[in-house]
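Colleague: The primary structure of each chain is shown beneath.
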Amino acid sequence: MADSLLICVSAAQVSAAQWRSGRFANCTVFENDENGLNAFQGYLQQTQQMPVKMIVDAVEEDYRFESLPHSFGSDRAEMLTRKLKQHYRNTPYFSARPQGRDTGKRRDDRYLFCALTNPELVTSWLLAVQERGLPVVGIYLLPTVSAGLLDKFSLKPTNLLLVSLHNTGMRLTYFRDQKLRISRLARTESRGAGVTKTYAEEISNTRLYLHALRVMTLDEQLSILIVDRDDSLAELVQTIVRDSPNIDCRRISRQQISTGLGITIPALESSNDALSLHLLGLRAPDNNLAPASVTAGFRQLQLRRGIYKFSGVIALAIAVWCGVHAYEIVDTRLEIDNAKRQTVELQAQYLAATREFPAAPTSAENLERTVEISKKIGGTTRSPELMMELVGESLEQNPAIFMSAFGWKYDRTEISVDGAASKMTASAPATGMPSPQGGADIRKQSALIEGEVRPFRGDYRAAIDSIKTFADTLAKRPEVAEVKVAKLPLDINPTLSLSGNTTENRDQIGKAEFKLVIILKPPL
Amino acid sequence: MNADDLKALRIPIFILAVIITIGAVAIFYLNQSLGALRRDFAQQTNLLREARTRLQRSGDEKQVIVRQLPAYRNLERIGFVGEEQRLNWVEGLRLSNQQSQLFGITYQIGAQQPYPYAAELNPGQLTINHSLMKMNFNLLHEGDLMRLLTTLGKQGAGFFAVNHCQIDRTGSANINPGSAVRYQPNLRGECDLSWITVRAPLSTGATEQKP
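For the record, the sequence lines run as chains P and W. When the letters of the first sequence are read in order and numbered with this note's numbering, they come out as residues 1 to 524. When the letters of the second sequence are read in order and numbered with this note's numbering, they come out as residues 525 to 735.
Derived by calculation from the structure, the hints in this document are not laboratory data. Glycine included, C-beta positions come from ideal geometry on N, C-alpha and C. Honestly, I wouldn't trust all of these hints.
Computed footprint of chain W on chain P, listed as stretches where at least three residues anywhere in the stretch have a Cβ under 8 Å from a Cβ of chain W [said to hold, decoys possible]:
1. 351-365
2. 381-391
Stretches of chain P that chain W covers, calculated by requiring three or more beta carbons in the stretch to come under 8 Å of a beta carbon on chain W [said to hold, decoys possible]:
3. 270-283
4. 293-302
5. 332-338
6. 513-519
Listed next, the in silico BS3-like pairs over lysine-lysine satisfying Cα-Cα at most 25 Å (straight line) [claimed, not checked]:
7. P:K487 <-> P:K521
8. P:K511 <-> P:K468
9. P:K179 <-> P:K197
10. P:K476 <-> P:K521
11. P:K521 <-> P:K511
12. W:K531 <-> P:K309
13. P:K83 <-> P:K179
14. P:K487 <-> P:K511
15. W:K678 <-> P:K197
16. P:K376 <-> W:K531
17. P:K197 <-> P:K105
18. P:K468 <-> P:K521
19. P:K375 <-> W:K531
20. P:K83 <-> W:K678
21. W:K678 <-> W:K658
22. P:K83 <-> P:K105
23. P:K376 <-> W:K586
24. P:K521 <-> P:K375
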């Protein structure tokens with residue numbers, strides 16, 4: 001319930017009161033004439049900026065209860081706008097509120113259309129408010145505001161007639177199922193001997209009126225609530241009960257109003273409109289008659305407030321985030337300083353401990369690692385000795401083989417057949433173990449043996465058999481991983497051409513030369 | 525929302541924009557600062573852990589120095605640790621040729637390079653280099669090759685590994701009875717050696733500064 005300026009405009013007078021911190025202040029009353037308007041403008045000048053809620057209590061009002069086909073969204077808005085314009089061409093102050101749905105098969109939507117049919121009644125007062133720059137929340141008909149009483153006093157009869165006295169006369173507002181259906185303002189005298197009888201007649205007439213409008217039948221039970229803000233209608237209750245025993249009539253006294261609504265008696269007595277203004281301050285009804293052009297200022301005010309609130313939330317969130325992180329930064333700096341201090345202390349202790357160490361050219365770790373590396377290198381170095389022994393022993397078992405060249409290599413790649421660095425791409429392994437998978441990174445010993453078969457008399461089959469026997473001899477050694485025949489005396493590859501002669505002349509026979517590649521198992 | 529609404533909301537929107545901008549800058553700055561500090565803290569924590577571990581192991585370290593120093597000094601002496609001792613290599617080669625009674629060795633030493641198998645040795649802070657030496661020589665028979673390599677190893681001129689050797693027949697194996705030379709080479713040999721050296725980083729601790 002934000003602070004607001006509450007204004008009630010009627011044909012006789014205009015009442016204004018401020019609603020501050022959920023409390024209703026006394027009303028200031030202005031006559032509805034030129035002087036009153038001037039005084040009202042002066043009053044507004046002394047009022048600080050706050051939203052304005054306005055009630056209109058006038059005879060020139062209209063209520064229509066209609067059922068329309070069920071719709072929603074833009075169709076519904078369009079239909080309601082069309083209906084409102086159709087009903088109320090001469091006033092901008094109208095509204096339509098849904099009142100539930102019919103119980104029939106079509107289940108149409110029920111609406112209450114209401115309007116202020118004499119806009120001039122509020123024009124000058126509204127203009128004064130707008131000239132002052134006060135945002136207008138809304139303009140409401142007095143009966144819509146009175147509906148707040150039902151909630152406050154927990155009144156739930158099916159048919160309820162709310163009766164109250166105002167400057168302009170007697171207000172009779174009918175609610176069905178706690179929903180406003182119709183209201184009428186009867187111009188009655190408020191003083192005189194027969195006033196109670198007049199009031200009773202108006203109530204009776206209203207009942208007939210409701211019957212004529214087919215809103216309720218005369219057979220239905222009607223509850224009457226008399227809002228007696230000045231305790232002047234006690235006699236009316238007795239009259240109604242006496243004349244119409246089937247009517248449930250109840251009166252709310254001044255004290256009950258004060259207690260039930262939380263308004264002080266002086267405030268309640270400050271104006272005839274004080275009760276309505278207080279109800280408006282408590283809760284503004286949904287039936288706002290003001291067009292968007294009138295409430296634009298309030299809409300902007302709400303947007304401004306929304307943005308300010310959002311800005312505040314953002315600023316608060318940022319401040320909290322920054323605060324937490326700033327604390328974390330300070331904490332981390334302290335931890336870093338602490339770690340540095342501890343590191344320096346430990347280093348000092350370590351330096352003190354190292355003074356007891358024997359003199360060394362480098363750190364203990366480097367000393368140990370250097371010695372380890374020397375052992376590792378010593379353990380991984382190889383010489384051609386083993387390979388030479390293997391070949392020598394195999395040659396002794398194969399006297400027909402004459403070796404002309406011996407090459408040895410210890411590397412990740414095998415020895416090249418051509419003597420180059422590239423890996424051998426010679427023929428497939430003649431015999432021996434297959435190549436170990438994934439062994440490219442492991443250093444291994446390999447040797448290339450170039451030689452010839454002696455004596456050679458042109459019998460290539462015998463020469464090749466001798467070479468293969470020699471290769472098999474080598475491959476059978478447990479140290480050997482693989483033996484490859486890189487070259488044979490006669491290349492029998494079907495993809496290549498082959499030429500020669502079968503003469504037995506030694507000069508023309510040529511040599512039975514071959515090349516073998518021997519690879520030892522990697523750990524060797 | 526129309527133009528009038530926007531006009532009326534200029535100031536709050538501006539304030540909101542300012543708050544968001546300032547907030548974004550503050551968040552970015554603090555985030556960067558905190559990130560840098562966290563990295564510093566992690567680094568400092570590592571240093572602290574290392575210092576603590578080092579202190580805890582100082583007793584072991586002393587034992588390691590006592591245990592390994594003689595072997596290290598020996599490696600220094602034979603030229604495995606420190607600068608290359610090429611003069612020693614050449615001298616060792618000359619003596620090996622004499623002692624193996626070979627016919628002379630032609631050698632060629634290349635520029636020092638990082639040892640290609642260093643990663644297998646887990647060198648840590650140590651730098652392992654090697655210099656490739658190509659040797660060409662003549663042999664009387666195959667056994668001379670191993671005698672040469674063994675003799676060279678015994679010279680203590682340095683730490684070397686044999687990478688490749690090649691022996692070919694020279695084709696001039698016929699001994700001339702009337703020649704004044706007692707022996708003539710039958711084979712031509714060729715070997716590639718890696719002379720390996722290790723270098724420790726410059727000393728920083730009190731241990732190394734002690735006399």
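Colleague: Give a verdict on every hint.
Modeller: Consistency of the hints with the structure:
1. With 14 residues carrying a beta carbon less than 8 Å from a beta carbon of chain W, the stretch 351-365 of chain P meets the three-residue requirement, and the given coverage holds.
2. Here's how the stretch 381-391 of chain P fares: 6 of its residues keep a CB closer than 8 Å to some CB of chain W, so the rule of at least three is met and the hint holds.
3. Counting residues of the stretch 270-283 of chain P whose C-beta sits closer than 8 Å to any C-beta of chain W gives 0, which falls short of three, so the coverage hint is violated.
4. A stretch counts as covered by a chain when three or more of its residues have a beta carbon under 8 Å from one of that chain; for the stretch 293-302 of chain P and chain W the count is 3, and the coverage holds.
5. For a cut-off of 8 Å, the count of residues in the stretch 332-338 of chain P with a CB near a CB of chain W stands at 4, and the three-residue condition holds.
6. For the stretch 513-519 of chain P, the stated coverage by chain W is not satisfied: 0 residues place a CB nearer than 8 Å to a CB of that chain, which falls below the threshold of 3.
7. A distance of roughly 22 Å separates the Cα atoms of K487 (chain P) and K521 (chain P); the hinted pair therefore holds under the 25 Å criterion.
8. Simply put, K511 (chain P) and K468 (chain P) have alpha-carbon atoms about 16 Å apart, close enough for the 25 Å limit, and the pair holds.
9. Between K179 (chain P) and K197 (chain P) the alpha-carbon distance is near 28 Å, which puts this suggested pair outside the 25 Å criterion.
10. Using a Cα cut-off of 25 Å, the hinted pair K476 (chain P) and K521 (chain P) holds, with the two alpha carbons roughly 13 Å apart.
11. At roughly 32 Å between alpha-carbon atoms, K521 (chain P) and K511 (chain P) are farther apart than 25 Å, so this suggested pair is violated.
12. With a C-alpha separation of about 19 Å, the suggested pair K531 (chain W) and K309 (chain P) falls inside the 25 Å cut-off, and the hint holds.
13. A hinted pair counts as satisfied when its Cα atoms are at most 25 Å apart, and K83 (chain P) with K179 (chain P) qualifies at roughly 21 Å.
14. A hinted pair counts as satisfied when its Cα atoms are at most 25 Å apart, and K487 (chain P) with K511 (chain P) qualifies at roughly 13 Å.
15. For a cut-off of 25 Å, the pair hint linking K678 (chain W) to K197 (chain P) is broken: about 144 Å separates their Cα positions.
16. This hinted pair does not check out: K376 (chain P) and K531 (chain W) have alpha carbons roughly 83 Å apart, beyond 25 Å.
17. For a cut-off of 25 Å, the pair hint linking K197 (chain P) to K105 (chain P) is broken: about 45 Å separates their Cα positions.
18. The suggested pairing of K468 (chain P) with K521 (chain P) holds, with an alpha-carbon distance near 20 Å, which does not exceed 25 Å.
19. Between the alpha carbons of K375 (chain P) and K531 (chain W) the distance comes to roughly 86 Å, so the proposed pair goes past 25 Å and is violated.
20. For a cut-off of 25 Å, the pair hint linking K83 (chain P) to K678 (chain W) is broken: about 118 Å separates their Cα positions.
21. Pair hint K678 (chain W) plus K658 (chain W) holds up; C-alpha atoms about 19 Å apart against a cutoff of 25 Å.
22. The hinted pair formed by K83 (chain P) and K105 (chain P) meets the criterion: a straight-line CA distance of about 23 Å does not exceed 25 Å.
23. For the given pair, K376 (chain P) sits about 23 Å from K586 (chain W) by alpha-carbon distance, which is consistent with the 25 Å threshold.
24. Taken as a hint, the K521 (chain P) and K375 (chain P) pair is honoured in the structure, with Cα atoms around 21 Å apart against an allowance of 25 Å.
Violated hints, in rising order: 3, 6, 9, 11, 15, 16, 17, 19, 20; the structure is consistent with all others.
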